[in-house]
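Visitor: One-letter residues, chain by chain:
Protein chains: 6
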Amino acid sequence: MTRHDGRTPDQTREVRITRNWLDHAEGSVLVEFGRTRVLVAASFTEGVPRWLKGKGTGWVTSEYEMLPRSTNTRSDRESRKGKVGGRTHEISRLIGRSLRAIIDTKALGENTIVLDCDVLQADGGTRTASITGAYVALVDAIEDARAKGLIRKDAQPLTGSIAAVSVGIVKGEAVIDLDYPEDSTAETDMNVVMTGDGRFVEIQGTAEDGAFDRDMLNRLLDKATVGCAELTRLQQEALAATPRKRVL
Amino acid sequence: MTRHDGRTPDQTREVRITRNWLDHAEGSVLVEFGRTRVLVAASFTEGVPRWLKGKGTGWVTSEYEMLPRSTNTRSDRESRKGKVGGRTHEISRLIGRSLRAIIDTKALGENTIVLDCDVLQADGGTRTASITGAYVALVDAIEDARAKGLIRKDAQPLTGSIAAVSVGIVKGEAVIDLDYPEDSTAETDMNVVMTGDGRFVEIQGTAEDGAFDRDMLNRLLDKATVGCAELTRLQQEALAATPRKRVL
Amino acid sequence: MTRHDGRTPDQTREVRITRNWLDHAEGSVLVEFGRTRVLVAASFTEGVPRWLKGKGTGWVTSEYEMLPRSTNTRSDRESRKGKVGGRTHEISRLIGRSLRAIIDTKALGENTIVLDCDVLQADGGTRTASITGAYVALVDAIEDARAKGLIRKDAQPLTGSIAAVSVGIVKGEAVIDLDYPEDSTAETDMNVVMTGDGRFVEIQGTAEDGAFDRDMLNRLLDKATVGCAELTRLQQEALAATPRKRVL
Amino acid sequence: MTRHDGRTPDQTREVRITRNWLDHAEGSVLVEFGRTRVLVAASFTEGVPRWLKGKGTGWVTSEYEMLPRSTNTRSDRESRKGKVGGRTHEISRLIGRSLRAIIDTKALGENTIVLDCDVLQADGGTRTASITGAYVALVDAIEDARAKGLIRKDAQPLTGSIAAVSVGIVKGEAVIDLDYPEDSTAETDMNVVMTGDGRFVEIQGTAEDGAFDRDMLNRLLDKATVGCAELTRLQQEALAATPRKRVL
Amino acid sequence: MTRHDGRTPDQTREVRITRNWLDHAEGSVLVEFGRTRVLVAASFTEGVPRWLKGKGTGWVTSEYEMLPRSTNTRSDRESRKGKVGGRTHEISRLIGRSLRAIIDTKALGENTIVLDCDVLQADGGTRTASITGAYVALVDAIEDARAKGLIRKDAQPLTGSIAAVSVGIVKGEAVIDLDYPEDSTAETDMNVVMTGDGRFVEIQGTAEDGAFDRDMLNRLLDKATVGCAELTRLQQEALAATPRKRVL
Amino acid sequence: MTRHDGRTPDQTREVRITRNWLDHAEGSVLVEFGRTRVLVAASFTEGVPRWLKGKGTGWVTSEYEMLPRSTNTRSDRESRKGKVGGRTHEISRLIGRSLRAIIDTKALGENTIVLDCDVLQADGGTRTASITGAYVALVDAIEDARAKGLIRKDAQPLTGSIAAVSVGIVKGEAVIDLDYPEDSTAETDMNVVMTGDGRFVEIQGTAEDGAFDRDMLNRLLDKATVGCAELTRLQQEALAATPRKRVL
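Chains as they are written, first to last, in UniProt numbering: chain G, 1 to 248; chain D, 1 to 248; chain B, 1 to 248; chain H, 1 to 248; chain C, 1 to 248; chain P, 1 to 248.
Same shape as in the complex, but just chain G (with noise of 0.2 Å):
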């Protein structure tokens, strides 16, 4: 079976994480899957909200939004229709929930970090690389306010790694990475966001088109398993490397 872009079921597209692409932020990273193009800064204040004031823990929250026109044809802006959407709410929490999976809050002290995830292109996927990129804009504000003394020296509040993928049932088959054609037809679309050393933090899996069993669920959980790895390799390699300098 070959897919639409000729990949095979396992092949993820291209994955491209630009480090430090903002010079204000404390953590930014542009996260590429393909065509879609999400940018991601993470924002470190201190003081936590009102509902953790004085608990001696910190806080990390994410914000999900599509530009009007990132999509092949525009979309109404929410702020302009005075609400935010269901998918935009619910994806938003998706990213938060995800990345503090590995986050010890009680290292973080009484700081705040918001994740804002803003597609500025969108061909599928736009959630998978939204939690991929924030980890690594994460690990970067984090190191940022180590040196700016905002946490202690010692404190460790990452206490390990996160990555996202889809995997989805497309024309009876499973394959991994769908762009947006294969996620408007999949019989079944499939969020798995998995930590570094391969346990799950959250399975979302839908049927669009007809109920799956267990054994099309294990073929999924499998490719999700793999792609993830290999998500967690790439954000390792980015990490490594120097980023593009901020200008300050």
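The set of hints was computed from the structure by calculation and includes no laboratory data.
The structure presented is a predicted model; accordingly, all values stated were derived computationally and were not measured.
Some hints here could point you the wrong way.
As the list makes no split between identical chains, a pair holds if one copy fits it or if it spans any two.
[What the hints assert, rightly or not] SDA-like, lysine to any residue: derived pairs with alpha carbons at most 20 Å apart:
| hint | residue 1 | residue 2 |
| --- | --- | --- |
| 1 | K148 | V247 |
| 2 | K148 | K245 |
| 3 | K83 | R93 |
| 4 | K106 | G210 |
| 5 | K245 | R35 |
| 6 | K83 | G196 |
| 7 | K148 | D222 |
| 8 | K55 | E208 |
| 9 | K148 | D215 |
| 10 | K55 | S184 |
| 11 | K55 | D209 |
| 12 | K171 | Q236 |
| 13 | K171 | E230 |
| 14 | K106 | G47 |
| 15 | K245 | T73 |
| 16 | K245 | V139 |
Since chain G is already given, all that's left is putting chains D, B, H, C and P on it; use the hints.
Guide: Just chains D, B, H, C and P, lined up with the frame of chain G:
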């Protein structure tokens, strides 16, 4: 291992399904999973949303909401806050998607069924109770429409049945149908929606405290499979019984 | 003259007051006037709104809302529309004002009681059913607070009792407790809130179709006076009985 | 008993009705009850709201609002708060309903008249001043439409006249047309809307501090009846005079 | 060249400034430029917005709004639409900025003056009339605060005076103070805010139909300079006169 | 005088215009003025807003927004606040108006072009960069529509070119293209939009700290005239080059 309320890990709470709890709605169910109590109303209306007009297919959707004092401490009303929260959106979308999985929208004709799931009392598992109850209300609404000649006598909009249950890891052990005290301390929380013939429609698993491995995932899915089969049986029983008569 | 459901002009519908319908709320009542069914939850919380802080007085308020399918045809949710309608505001304000009429806010201390009145099924008279039921829930919430030591043992926040009934002119004749078919065709519609000792707290009369004269007004007020006395008796009966036990 | 401003209990404040205060509106009135000053604009537009289309009947409605500094201390604008408050909704609905009581919507044809009542200065009684002034603006707007041929020459949309006054119990005594200092300390506050021939259209009485008995109610209604008759006379006088000429 | 209403290109409309049109506000002005009629209320309140607290400086701001029937055809209220339009925001910001240009916020102390500019009738030039009138109301509010001891006797918060006028190109010719028929057909529209000593505070020029060259720009600025000087003289006259007495 | 970044008063920052930065949009540009970075997407859609229907003319409009971390410290998203701020509205309107100045809407036919200007990084001058970049994206979108036959081959919707630059008074001296540190301390800030043939379309000058005289105004306009000519040259260069190929 005994759970805080005496149940075994495999044991769901007492489930009660009261049909036709309302007099006006085409289908309605008061569904109870222990102290969790959800009022589901299925409203059948002719016509479809604008983006579906003229395509000859129908639509099934859902709106979920919690009464302000369904919970232990009162929450503000979303209507007063002027916006619907992310969690509410997310669950509404999940319920609608789950029920559409067993609907042949062509057979429904250009008609819409809205499933309003209002949580009168919350004690964990409100979204799975909603889905399980909504299936029964949906069956009644379709029968009502057939009786009134709003859909063809021989149309079969239902392609199967659907039920949902939560599973999770509490103190290291996999358990089914978590109540609020369990849910709020669970290491992992997973909602599973399955068809009556045992296939998956939705899997949403979240590690709240520590990632989980493939082996634990399998144990959770095993429990969910058994639980959904049991709920399917209870739905069939409820549908086989003569319901409370509506006063039209 | 016989009414469409066989009642005499002076006859209210069957009224049922079920205490402690909910397990969490400090006071709760399922109140039914025929097929009109309102769930009232009284929530006691320490503290008062900002504009009352430090004055040593408490606050009682109410929020009224109809479930989307409480009515014959489904209405859109106010939370989805992003704003609360005028009618909802108006009734919420009426209920709160009515109950404050029998509350000594000094004796309540700096505590707030919110009365959530959610209409599960509407068949006319939802606001008067709400007020009548809310009084009972309020009594229970105050007793609960007293038992928990949240208000002083000897404090008497209640200065009387309150009940409400609708009266109206239907086909030229004064009748009490209009159901929906009557309400929607009435020439005049009036809601009357009275204390247990027979004085007025609110009178809201509206000529829907043709003005009414002083003589007809007197006949309406006579009927309301008798009806409120009857409702007061039913409230006392409900409060005298042992309520369904809450599961805390 | 003398009131704080020297009036007798039966005495309304000085009432001034200035017709055609605006140049653009089909009807407009600056109505003053003492220092209370409301600008009423009646806008006649062809067409009706969607839910009335094709029924051959017209519509009369109202929107009431207070300028932020109409009051002693500045209030926030509802437009900036992003939502219309309950009191504003309630009064707008009352004004619209009151005026519809004397309109034959069939005779109006499929046309709409909106009565905008903007309170320029508030000193108690803004809703009753609005209704009293709106009647005059409404008459002018209907005449304007007749002159322009927008309604038939022989159509009689007006079936009567309408005026409104407040009455209340201040320091135990019934008084008419309360100003702000009286209104804010009244034990009972009642707004009464009456037709020119002395029948009731709306009665809204609220016990703010202590319930009131039937005898007191009768005294309040007596005063309102006399007051509305006096206001009716002033309306007729204003309508008999030649108004300020509009500059079209 | 004669203009449609007989004015010469250099001639403003008749300008009237009525001080203390309101009884409650610390300063108030009904300002009229021909048929354009704006009610300006200056509200002095102790305290400043949160972001200014503790800095020892005051704040001056403005809110502009049009009544729904100030215009030829009725517009929807922004409060009912639930959001403030771009034009309203823009003009409010312009007015506030213009007045702050002549305020020494240090001398004002931690106090706020809000200038509410409500357009009762619109016939072009509402923003320039608002600024011109607001200066007078601001002077009165500052004097009122000085008299009440809310600012120091010797404090001089005013550093100059401010007036504004519109200029534009109509049928190829530069004219001043455009009314609505001119404004809606002008090729270029420019609002100019100047200090009493003839310097610029704001220039906002927009080519509505065809760009304009430097020479035409100079002609427009010449006219605005003369016009603002004339308005400054009228402001001084108004302030020199004894105003209508407020009824406190 | 040397500026803080070494530029002369007449020197703009390095300007880069990258065409077709996006794959989906009919025209798109990443425009950079130094560190200010704006992504402009031009979306061509058939049809026009309702108020233009049937008139045979097209429409060009713009929406401007800043990403939350485009600035030095993170700002809240307008979508989450539920309303669009005054500054955002104001700039969106300026951009749309500026581009319409060089569009013959008749020649466009009943089609709409939306110019989305999203600020990825802000360092002063975001509105002038947006306008300058939007012109290039607009040219590409029109060419794309012509190529697809959506507008007539011989239609000339563009009547000229447009560019914009900021000028201001910093420490008493007129300078061009202010970056954020200059902008935030400028005594006067002015944005000038000019056609390619050197005429004015918009002038928006604001005295932030002290009014400015006619002589200084002339110096600012001189600088803006030279700057816009230079930007026009860069736009022509960008349009002459072969752009990055879109992947459709």
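Visitor: Between the shortest in-copy and the shortest cross-copy C-alpha distance, which are at most 20 Å for K245 and T73: within, between, both, or neither?
Guide: between (35 Å within a copy, 19 Å between copies)
Visitor: State whether the alpha carbon distance between K148 and V247 is at most 20 Å within one copy, between copies, both, or neither.
Guide: within (16 Å within a copy, 43 Å between copies)
Visitor: From the Cα coordinates, with 20 Å as the cut-off, is the pair K83 and R93 best called within, between, both, or neither?
Guide: The answer is both: 16 Å in one copy and 16 Å across copies each meet 20 Å.
Visitor: At most 20 Å between C-alpha atoms: does K245 with R35 qualify within a copy, between copies, both, or neither?
Guide: between (25 Å within a copy, 13 Å between copies)
Visitor: Using 20 Å as the alpha-carbon threshold, which applies to K106 and G210: within, between, both, or neither?
Guide: between (44 Å within a copy, 15 Å between copies)
Visitor: Quick one: K55 to D209, C-alpha cut-off 20 Å, is that within a copy, between copies, both, or neither?
Guide: Between copies only: 18 Å across, 46 Å inside.
Visitor: 20 Å Cα cut-off: does K106 pair with G47 within a copy, between copies, both or neither?
Guide: within (13 Å within a copy, 31 Å between copies)
Visitor: Regarding K55 and S184, is the shortest C-alpha distance of 20 Å or less found within a copy, between copies, in both, or in neither?
Guide: The answer is between: 18 Å across copies meets 20 Å, while 45 Å in one copy does not.
Visitor: Is it within, between, both, or neither for K148 and D222, if the alpha carbons may be no more than 20 Å apart?
Guide: neither (42 Å within a copy, 45 Å between copies)
Visitor: Quick one: K171 to E230, C-alpha cut-off 20 Å, is that within a copy, between copies, both, or neither?
Guide: Neither way: K171 and E230 sit 25 Å apart in one copy and 32 Å across, limit 20 Å.
Visitor: If the cutoff is 20 Å on CA atoms, where do K245 and V139 land: within, between, both or neither? Let me know, please.
Guide: Classified as within; 16 Å inside a copy, 34 Å across copies.
Visitor: Can you give me the call for K148 and D215, within, between, both or neither, at a CA distance of at most 20 Å?
Guide: neither (51 Å within a copy, 42 Å between copies)
In summary, the structure is inconsistent with hints 6, 7, 9, 12 and 13 from the numbered list given earlier, while agreeing with the others.
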